[in-house]
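Chains as they are written, first to last, in the working numbering: chain B, 854 to 1251; chain E, 153 to 820.
Incorrect hints may appear among the rest.
Partial selection, computed: residues in chain B whose CB lies under 7 Å from chain E [to be verified]: (1) P951; (2) W964; (3) A969.
FYI, nobody ran anything at the bench for these hints, they're computed from the structure.
Glycine included, every Cβ here is placed at the ideal spot set by N, Cα and C.
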Amino acid sequence: MERRDQDDQSPTPRRRSFAFRIVSLTALALVVGLVLVGCGGDNNPYSHISPRSSTTRDIQSLYKLVFWMALIVFIGVQLFIVYTALRFRQRGNEADRPAQIHGNKRLEIAWTLIPAAILLVILIPTIQTMFEFSADAQEGEYVIDVYGKQWWWEIHYPGLGPNGGPLITANEVRLPEDRKIKLQLHSNNVIHSFWAPQLFGKHDVIPGHVNEIGFTPENPGIYYGECTEFCGVAHALMRFTMVVDPQEEFDAWVASYNTERPAFDANPQTGDVSEAPRSFGICIGCHAINGTNAVAAQAGLTGNPYSVGAAPNLTLFGCRDFIAAGALANTPENLAIWLHNPAGVKEGNYMALQIKEGTLTQEQINELVPYLLSLKPAGGCPETARQEQNLHMEQGEE
Amino acid sequence: MASVAQPAGAGAGTQTVARPAFKKESGLWSWITTVDHKRIGLLYGVTAIVYLLIGGLEALVIRTQLIEPNNDLITLERYNEFFTMHGTTMIFLAVMPLSSAFFNYIVPLQIGARDVAFPRLNAFSYWVFFFGGAILSLSWLANAAPNMGWYGYAPLTERGFNLGRNVDFWALGLQVLGIASVAASLNFIITILNMRAPGMTLMRMPLFTWNALIVSILIVMAFPAITIALALLSFDRFAGTSFYIPYIYDEATRQIVARGGDPLLWQHLFWIFGHPEVYILILPAFGIISELIPVFSRKPLFGYAVMVYATATIAFLGFGVWVHHMFTVGLGPVPNSVFSASTMLIAVPTGVKILNWTSTMWGGQLNFTTPMLFAVGLVSQFVIGGISGVMHGSPPIDQHHNDTYFVVAHFHYVLFGGSIFALLAGIYYWFPKFTGRMLSEKIGKLHFWVTFAGFNITFFPMHFLGLEGMPRRYGTYGEGSGLQFWHVVSSLGSYLLGFSFLIFMYNIAVSLQRGKKAGNDPWDGATLEWSIPSPPPVYNFATIPVVRHRDPLWEEKYGQYEGEGHTEEETVETTIAGFKIGEGQAPDEDAVEQAERRAEAGDEHNIHLPNPSFWPVVASLGIFLAAMGLLFSYPRIPIGALDLPLLTAAGIVTLIAGIYGWSLEPAS
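Turn these sequences into a full structure, and let the hints steer you where they fit.
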């Protein structure tokens, strides 16, 4: 039998311990990083380890339980492996083969039962939490319908809109503070998933099914959300915000959404607040603005499931923080860029089928931008959420 | 003579006795027509490594796109193609066929057989796999690479949302690959059950062969689910059915019309395949590790029976956990509880394996060769993937983790830290058997440490990205999202990981030329493949060995030694964790008789080997043409009501011709 050349086969002890030092240092750094990230909340907009509702706090406490148990198991097993690897490494002078052990009944039973017990500790609160969540989703003081589109969100508040119909908005969910909210998720196109990490976990938005989320926003502020089920070209640019205001401010927003004509000072020809500038004519096939003559566009599930037809309702557009489902911040410059060439900002979007680069002249864009940004309530946009958000940020930094 | 006993007159298995000379074959034609399991194994291996490198390059493009926010290195549409093809390539064209390569090459050697049960079916499997990979790869040339994720959730795959041929390339490619996988698996189940050397009872089988058997059973049971799912999808796309479409928009009446389909049907069918697929990817790795760790610890495997039962349990439970991919679809708390429990349960046998491997090392004389480094690397890194798997086994936690980078981190720890580490270990371990030369240990150790570092720097930060809310399948992210730091770290790590594969390629290139000669048994192996020359002769074993021990070669080298699996007694007990669950006749008497019968039948002097055959290639070419005809559907030929694409018709004729020629061809 051919024997190995020991010099070639095994590294010198010094090199080996160097290698193991690398491993242990790397492992230590990673574990420390994990603990820091696992425990320290932070203010990243999509972080799901900085819960801001009872729902996400429930998930967080479950996560912490699992995290610490996982960390203990991880360290225990890694120590066992590394210790075994170091202690029993070949030193090159072994005369005999080691004892030929084939197993150990007690040990093998122990490490079948102990993991099972650990998992049971995780499973029981898991099941409790799930049933609580399920009960939470049954009721809501405010029921809100969310329609996933390619690639934006349409939000309906049944009964809050004109003439007892739905109030329809897009990509920005305004919510009153401290009320039980029930979201109903609909899609007539592909599957999306609705996730605002600080407020609630993911729920898929599936054609032919209606999923429900129950939660209570506790603090005014702006919360960020995103689509988390792959839904086509612009999946990464399908964000939304949830803006939580005190009840009065929310009510005022609802009222201004329905009754107040948007302030309009960009159309000197007519001076008519109910009419958009003529250049807006190309938009009204898809976009509606309450209180104007732009009300033709389809909404909700009545639109073509293949995504053409309905587009975001632009009422009070001037108060929104973002353009095109979070693709750009809502500033005059960005709005001009968007209107100039939507495809350049958000690949694949359906507006780009109509508005190509050069479709709108610079004059038209110059007319549209101030008009769209002027779509605000008479008394200005609700500001509490923004102020509260800044407060959060400051508290977080301390 | 100890365990590898030879019938009267024959030399030891290690010797090549005078034989009627088998013509040494070479040249392209010999590779195309080969039915030798070893050559087919090498074909699988080389093809898989090519795809592994392609899939790796795709990953590097993905990582480069994400190195800064709002990057426009590639368009979002292109990005979608890259992540879809990265996943599809790695799963179906790299890891699965690399496992197949080892099954093909090693399993017949480990069980003391001269080939698989159906050598031409084996060749057919390879060529169908080859053409299936070609269909997927050609999609790039047709500018229609699959772009809807490797899991292809309906209705995004329906024509209403995906008009191009992208989905069809993917669906037909996977269908063709499925034919290859199922054919190969049936072959291996039959081979392992029927062609073991005399005396190799099931509970004396090497663990790698056990895992090959269990994986083959998994493939045969899991692939029908995806075959059906893909067939229904193709009906939806080609024939206007609506299996996954709940309603459509009727242009004429401008109304929504219910069609009765359900997107969740796809998800259930896909994951009933998809979760066992995870075990199809990882169990061969476990098998390889279970071979290596005992050899380099110079100790038999700790708890052999428990390891076998744990593998079988994992495979069985693997069919009962698919809903944990669907915890966010709203199935309700009862199904989610059940599947959460089954998911956590599967961690138990997996944990047992980790501890049994470590216990195998305990008290041994560990020789940290490159394959051993990769093996121990797997044991350590797989733990991370296993633990994070338990984390999102809890549905409320999964509502956060699902479809974020936390899951990406998790399954790369399982599939890279698990499967790829083990496959690399396997290549280092069996390369001497394949080629007769050792891979350089010096370069190999460098390769391991660079891989280990690159792997962790790439994938560990993805946990943090997931916790910070970075979703999967995002080709871009905002500047204000606070995600860039860990994206940069991960991308830099991926370049290091990419570099490690250059080291690996260099090692192979250099060692093929100048590697140390291996001899039969460079590692002091325990299993039968090390009893024959490297590379083995066409017929493998001059004389079929008789097996009397679980570690037959060790017993031959070191004489009788204590322990389970060895039988002096007339009865043997079957035990789990030391508990007796059954009892049977000692197999050795039987084995000797069997061997004598074979000797009398003249087997000893009459090695039957099948002739090379090109019919398997013809038949698989037919399948390829038939699929391509559906993708490029012009010109068409009208046959009655059927309007058949010409290429498809030609493909069907070729397939029939291939099978016809095959069945009339004399076997040897």
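Taking the hints in turn, this is what the structure says about them:
no. : hint : in the structure
1   : P951 : 5 Å, holds
2   : W964 : 5 Å, holds
3   : A969 : 5 Å, holds
When held up to the earlier numbered hints, the structure conflicts with none and fits them all.
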